[in-house]
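So the sequence lines, in the order shown, correspond to chains P and D.
With our numbering, letter number 1 in the first sequence gets 30, and the count goes up by one each step, no holes.
With our numbering, letter number 426 in the second sequence gets 406, and the count goes up by one each step, no holes.
Do not take every clue at face value.
To be verified - No more than 27 Å apart at the CA atoms, straight line, and that leaves these computed lysine-lysine pairs for DSSO-like:
no., chain 1, residue 1, chain 2, residue 2
1, D, LYS368, D, LYS(-12)
2, P, LYS231, D, LYS368
3, D, LYS234, D, LYS368
4, P, LYS163, D, LYS147
Hints were generated in silico from the structure; no laboratory data involved.
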Amino acid sequence: MDRFEKLDAIVAPLDRANVDTDAIIPKQFLKSIKRSGFGPNAFDEWRYLDHGEPGMDNSQRPVNPDFVLNLPRYAGAEVLLARDNFGCGSSREHAPWALLDQGFKVIIAPSFADIFFNNCFKNGILPIVLSAEKVDQLFRETEASEGYQLIVDLEAQAITTPSGETIAFDVDSFRKHCLMNGLDDIGLTLQHVDDIKAYEEKRAIEAPWLFA
Amino acid sequence: MARTLYDKLWDSHVVRSEKDGTALLYIDRHLVHEVTSPQAFEGLRLAGRQPWRKDSVVATPDHNVPTTGQSGGIAGIADSVARTQVETLDANVKEFGMTYFPMNDVRQGIVHVIGPEQGATLPGMTVVCGDSHTSTHGAFGALAHGIGTSEVEHVLATQCLLQKKMKNMLVSVDGEVGAGVTAKDIVLAIIGKIGTAGGNGSAIEFGGTAIQALSIEGRMTVCNMAIEAGARAGMVAVDAKTIDYFKGRPFAPKGAQWDAAVEAWSDLHSDEGAHFDEVVHLDAASIEPQVTWGTSPEMVVAVSTRVPNPADETDSVKAGGMQRALDYMGLKAGTPITDISVDKVFIGSCTNSRIEDMRAAATVVKGKRVADNIKLALAVPGSGLVKKQAEEEGLDRIFVEAGFEWREPGCSMCLAMNDDRLEPEERCASTSNRNFEGRQGQASRTHLVSPAMAAAAAIAGHFVDVRSI
Ligand code: SF4
């Protein structure tokens, strides 16, 4: 996993609540056995006018000119602004893979679905929860000025708007540490092999049927 | 101190915890299917790691398998990309030597149906799977939730998950439901009340007399959709029904171990006076058969009512979402639900494909014919064993005589990864769990209902109150 660096990037606003992971990456693309290459199919059904299938040349497909992420002013956006319960539905990690592949490194919303939220951190994406009012304000500002950028500083846990306003955000200390250092959870957990073995020995006496 | 069921399950699985509350939680059972596991096995191989406890894994293909012509085995899967995925699962479980129910094994089926059926998921366990509907297994006092593929790899490699404890939430459904009202209606009514984000950050315990009165299958239906209420995990306390359900199942403990397990399981309920961060009450008697009208499971109403009007909604983001849903669904505000006609009917999925679901639907269609406007009515049992039992009871003939297609087990039209799907703008009465845009095929229109309500819609050609027939 890449380290999460400080980011200064264009913001794209996706003004819908309850955006689910089926919408982020439709199921026909889940047949891949790889982790990469999902970006061109992120939001496939909203983004293109035809029906997408794996293996198509996406550059030849008719794009939906009305879909917000297709607007030229949001090209290259790395911050996604979203509404309540973003990432609900299926646990598919293909959703953060697709968003990351599409270029998004930060997602800001008033709330996230739990599994998606967790999956983001495992892939180097920073999901940030802000109050509904702050998110509203960012939507207004993003839509009002073309080229709107935010500076996201994970170390300082602060977002800076073009007008210089700073907005603080919370992040779990362990997750912050992993994200900033690009750490692999598995390697960290395997430092506790002795604890896991001790637990298993104790548990096998208490509840032997779990180890039958 | 008085503890909730979730507190007890959590406490008994913490291996170690950090000062900030991040814990290493031990996982007893790991269910694996073909869609979310290939990248995890690949990661394991790339890092040169071995599975920590391969005996904790039970694997089966379900999402991609066709529901006709399964006798051709993997080679018979027409879609080459899907075939590769099932072949990859096959190769991975063989390489690592894990318990596997492949295509054509009578024990194969939807992972959340076969786990309990085999007794592979048991009370008191922690159960995970790379699938959000893992919450199903909480129905018998287990802590069960979906995980992403990175976590699948983490559990394979370490037998643990890094977790922070969730909040405790109690949803109590009090009183008795009326005739014709099922577990599916109860859970849809709950989601309608608390919303799809209502359970975010919580583990929900479902309690109250109406939940206690449900069979284990019915409780699975309720817990299955905890995720649609925003909660990763749903659970129900263990009682005598739970213990009866598991007795004699292939993976369940036997002899003295059974007795010891039963004793341990009898503590799997919330103590008197245990603290819940949030408590929600529903009056069971007021719950009617439910039908979703929109593109989120919280967009649900009683069958006797009408499609709601966005103009009546004060929250503008919500009203906008409602209007978008109505446009997508091709519906007008104010339309009586029973005036909505359907094109296809799907009875199946991990929510409603167990034997009692098949029985409930068969009871409604027995001796009748599906309406002329129904292009396809599918009955898809959740596992090879459900299929076998249904056939022994003659349910397959009832379905076929009524004009249904009786299929082979799998996820099928729940997510339409195989050939079972809706054409654009087709409308479906579906017993599955998600009515998202495109879920059952591009531009598909899904209405979530109970098996009896889906069966009744098939016969009438439109939604109808199952209590009136
Ligand atoms: S039946 Fe549907 S919800 Fe259940 S596991 Fe399969 S695809 Fe997922």
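Cross-check of the supplied hints:
no.	hint	result
1	D/LYS368 / D/LYS(-12)	violated, 37 Å
2	P/LYS231 / D/LYS368	violated, 41 Å
3	D/LYS234 / D/LYS368	holds, 25 Å
4	P/LYS163 / D/LYS147	holds, 25 Å
Hint compliance for this structure: hints 1 and 2 are not met, and every other hint is.
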